[in-house]
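These are the residues of each chain, in order.
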Amino acid sequence: MKWTTFSAVALTLVGLLALAGWGIAGPAENPPAHPEVEGAVTPDACEVCHQEVTPEVHSEWYDSQHGMLAVKCFVCHGSTGEDFTKDPSIDRCVGCHADQVETMAAPFMKDKSCFTCHPAHALMAHLPVAVEGGDK
Amino acid sequence: MSATRRQFMVASAATSALAALGKPTKAFAAAGGGIKWTKGVCRYCGVGCGVYKGVRDGKLVAIKGDKENHNDGYVCLKGFLLPQILYHEDRLTHPLIKKNGKLVKASWDEALDLVAKKFTESVKKNGKDSVAFYGSGQAYTEESYAASKLFRAGFGTNNVEGNPRLCMASAVGGYVTTFGKDEPMGTYDDIDNADVFFIIGSNTAEAHPVLFQRIARRKKADPNVKIIVADPRMTPTGRIADIYLKFKPNTDLFVLNAFANYFVQNDLVDKEFIKNHLAFGKGKAADQNWDAYVAFLAPYTMEKAAEVSGCPIEDLTTAAKLFGCKKNRTMSMWTMGINQRLRGVWGNNLIHNLHLITGKIGIPGSTTFSLTGQPNACGGVRDQGGLCHILPYGRLVKKPEHRAEVEKIWGVPPGTIGDKPGKHTLAMFQALETKDIKCIYIMCTNPGHSLPNVNRYRKAMADPDTFVVVADIYPTRTTELADVVLPAAAWSEKEGVYGCSERRYQLEHAVVLPQGEARPDFDILVDLAARCGYGKLMPWKSPDDAWEELLLLAEGTMYQIGGITRARLRKDHGVIWPCPTEDHPGTKLRYVKGEDPWVPDDYPHRIMFYGKPDNRAVVWFRPWENAAEMPDEEYPFFFTTGRVIEHWHTATMTGRCKELKHAKITSEVEIHPDDAKKLGVRTGDGVRVTSRRDSLVFPALVTDNSQPGLVFVHMHDDNLKRMCNKITIDQFDPGSKEPTFKICAVKLAKA
Ligand code: SF4
Chain A
284 MKWTTFSAVA LTLVGLLALA GWGIAGPAEN PPAHPEVEGA VTPDACEVCH QEVTPEVHSE
344 WYDSQHGMLA VKCFVCHGST GEDFTKDPSI DRCVGCHADQ VETMAAPFMK DKSCFTCHPA
404 HALMAHLPVA VEGGDK
Chain B
162 MSATRRQFMV ASAATSALAA LGKPTKAFAA AGGGIKWTKG VCRYCGVGCG VYKGVRDGKL
222 VAIKGDKENH NDGYVCLKGF LLPQILYHED RLTHPLIKKN GKLVKASWDE ALDLVAKKFT
282 ESVKKNGKDS VAFYGSGQAY TEESYAASKL FRAGFGTNNV EGNPRLCMAS AVGGYVTTFG
342 KDEPMGTYDD IDNADVFFII GSNTAEAHPV LFQRIARRKK ADPNVKIIVA DPRMTPTGRI
402 ADIYLKFKPN TDLFVLNAFA NYFVQNDLVD KEFIKNHLAF GKGKAADQNW DAYVAFLAPY
462 TMEKAAEVSG CPIEDLTTAA KLFGCKKNRT MSMWTMGINQ RLRGVWGNNL IHNLHLITGK
522 IGIPGSTTFS LTGQPNACGG VRDQGGLCHI LPYGRLVKKP EHRAEVEKIW GVPPGTIGDK
582 PGKHTLAMFQ ALETKDIKCI YIMCTNPGHS LPNVNRYRKA MADPDTFVVV ADIYPTRTTE
642 LADVVLPAAA WSEKEGVYGC SERRYQLEHA VVLPQGEARP DFDILVDLAA RCGYGKLMPW
702 KSPDDAWEEL LLLAEGTMYQ IGGITRARLR KDHGVIWPCP TEDHPGTKLR YVKGEDPWVP
762 DDYPHRIMFY GKPDNRAVVW FRPWENAAEM PDEEYPFFFT TGRVIEHWHT ATMTGRCKEL
822 KHAKITSEVE IHPDDAKKLG VRTGDGVRVT SRRDSLVFPA LVTDNSQPGL VFVHMHDDNL
882 KRMCNKITID QFDPGSKEPT FKICAVKLAK A
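Going line by line, the protein sequences match chains A and B.
Here the working numbering is used: the first residue of the first sequence is 284, the next is one more, and so on.
Here the working numbering is used: the first residue of the second sequence is 162, the next is one more, and so on.
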C-alpha cells in the first residue's frame, strides 16, 4: 500500500481555485489559499514539500536561528486553506518578541514591517546595513 | 509529487519572494488595545515557561512569553498556539453517562450521584481497595491533592496513582536512592554556567524546546562550550552537538560505566570530594567502598564500550575527557530515553555517579538534571504525594510516623490511611482487568492511548463490569471507554499551582470562564466528596484553602515551601523551593552551604547531602543488562517511541490546533536506508510493524537519522490503526515500576 501525502482530488480543486484567483488579483498578491489538506493522510509537515518546491526558502529558514530552534513555517504562516497567510502579521511575532513588536508603534516605524530589517525566512538579527530611518 | 501540487507550490513560491519584501504588517492587535494580559504558565511541557495570556471580550486570544520568568520571554511553537486548545468545537460541555452502550447527555446531579453511588457501594461490598484514582502531572497541585485526600482518607485506599509513573518514576528512584531526596539539585540557571552539556536519552530540541534554545544561546555566547548528545537516533537535538554518540539501543548503561572507569583510570576523579561526601553501594545496601567500585568498573573499558555501543572509541574518549576535565563545569540532562527502561533507575544512578566521583555537582553549571515531561509532575504528583506509595512532601505510606503526621493534619482517626502502598499504574489497570478494582476515576489523562500494550487495558476499561469515570476537556481514546464522562474546565478557565522541572512553583490564573457546563476538577472532586459523605475532608471554599493545607503538610519536611504563599504566587513569576519564608529568594543550589536553608552555616564542607542520614550520597554499582524484550530471530528489530515538537502527549489538545493538526500528526515509522533496502520500502510505502502484542501498518520514513536494526514511531497519533502503544510492551522497571516504552522487539514487512 502507498501512503499519499495529499488528497489528490482536494488538492486539484483547491489548486485550480487558487490559480484562478491569482489570475484576477495579479501575481504579486497573496494567493488566496494554501492547498487544503484537511482529512488527508499527511505524515509530512510543510518542510517536506517545501524542501522540494522552494529549496532556497527552505534552506534560508533551516539554517537560521528560527530553523535551528524549530520555529516552523506555520508559526508565521498559519495553517492551510483559508487559515494560511503568506504575509505574516506582526501578531505572529509577539509570542517571543513582544517588546520588539511594541516598538513597531514608533513613528519612524511607519510603513515598515519586521521583515524590512529581518529578511523573511532567514530572519537574522539585523540586516548588515542600517535601514533608512531605522536608527534615527 | 503530483503535477498539480508542484505547479501550485512553485507558482506560490514565485510570488512569495516579491510579497515578502517590506510590506507593512497589520498593527499588532494588542497595540490597538482591548487585550488584558495576565501572567500564567504554559499548559504543556515540564519546562514550565512563564507566559502572558491575552484576553479580549472574554476570550483568550493571544500568548506571549514572560520576560520576567526563567524563559526570558520565549515560548515554543506549541506554547504560542495555546489559545486554540480552549475553543475547538469538540469541547466536552456537559456530563455524559453510558446508557445502552452509548454516552448520552446527563445533568451534573445525575452524573455525580451515579459516581458517588457506584464508588461507595463498591467500597461497602468489595472493600476499600476495589476503587482507584488515576491522575496526572497536568492537573493542578490542589486538584491532585483533593483526589488523594478523598481516596486515602475517604474511601480508605492507597490506590492513588498518576501518569508521572509512566515518565518520571525512574528519575524519582534515581534521586531518592542516590541522594535520599527526590528532585534535582540544580536549576535552569545552571545552563548559563556550564562548559559541557551531556544530553543523553533526551530529544531536548523537540521535547523541551525552550531549554534547548537556552543551551543553544549558551553555546552561541561562548563557542568553547561543548555539547555531547547521546541517543540511538540522530534527532534535531544533534544540530548543536559537537559529539554525537549514536549508540546501539540499550547499550548506554555500559557507556556510562565506561565513562566512570575512564575518570578513574585517568585521574579525573575528585578524591577529596569522594572522601568527604560519598558512600558506595550494591543492590540495596550502601556497604561497599571505593576499591570495590574500581573493581566493579574494571570490565567497562572504552575499547569494550566502543564495541558494545558501536560508537567510535575516539568519540567516546573525547566525550569522557570533556565531561571529566577538571576545569570544566558539566551539566547532564536526560529524560525518557533513560527513564522508560527496564533499568531506568539504574540509568539515573549511573549518571549521578559521574557527577559524584568527579565532584561536578552543586557548582553553578555542574549538576545532574532530570528533565520532566509534564507541567506539574514534579509539584503536583511527586512532591504532593500523588503516587500509591507516597504521601505529601517526601512521606512514605509504609512509615507509621508519616501516616500519623498526615492523619493528624487531616483530622482523621489514626489508622485511616492504609498501611500498605496501593497499586502502581500497570498493577492498577491489571487489577481492573481481573476485577479486583471495580471502579476507577481517571482525571486529566488518557490511558486509553498512553498505556503500553494498550489493547489489553482498553479491553479492561471497556468491560461492562468495570465502572470507569473520566474527567477531561475533550473526547479522547479514554472517554470513549468510560461509563461516565465529566466535562472539566481547561487550563486558563481555572486556578491552581504548577511545579516544573526546576522545583519552581507558579500560579496559573483563571482568565476566562469554563465552556458550557464544564467545571474545574477541584470543584468536581469537592462536590463528589460531599455526595460520598466525606464533605468534612474538604471544607475548602477555593483552591487557596487547599494550598494553605498543603503548606501545613510541608512544614517540617525538607521541602520547605512555607514561603510560597498564595499571595506570593500571585505576585511572583515562580518561586523555587526550598523557600522557608516569604522573604526568602528561593534556592537555586540545593544541598549547598550558603544557598540551601537546610545546610547549617557552620557545616565544614561546601555541600551536604542531607537526604541521607550520614550526609553521604551513594555511588551505586549498576551493571549493564539486557532490555525486557530484546530482538531475536523472530522479532529482529528494536522498536522505540518518542515525541515530535508539534504535538504533546496524546495530541488531544495539539491535534485540535489548526496549524498543528496537519503537522506530523500521522505516526511514521523511521527506518534506516539499509533496512529499507532489504525490505524493499521507500518513504511513503506502508510498513507492517509486528510485535508480540499487535501488528500495525505505518508509512515509512527512510532516514539515516535512524540506525540499522532500530525503528522509531512517535507516540502522538491517536488513530487506532497507528497507535504505537498497541505495539509496546507492558514490562516495567522493578524498582520504579515505570514501563519500558523505549524498547521492545518487532519484525517488519512491506505492507
Ligand atoms: S517549551 Fe514547554 S513549557 Fe515552554 S512553551 Fe514550549 S511546551 Fe510550553
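In short, the hints are calculated from the structure, not lab data.
Quick caveat: nothing in here was measured; it's all calculated off a predicted structure.
Don't take each hint at face value.
Calculated cross-link-like contacts (lysine-lysine; reagent style BS3-like; alpha-carbon spacing at most 27 Å) [as the list claims (entries may be wrong)]:
no., chain 1, residue 1, chain 2, residue 2
1, B, Lys620, B, Lys260
2, B, Lys488, A, Lys369
3, B, Lys620, A, Lys393
4, A, Lys395, B, Lys838
5, B, Lys819, A, Lys369
6, B, Lys732, B, Lys286
7, B, Lys407, B, Lys908
8, B, Lys197, B, Lys732
### Which numbered hints fail
2, 3, 4 and 6
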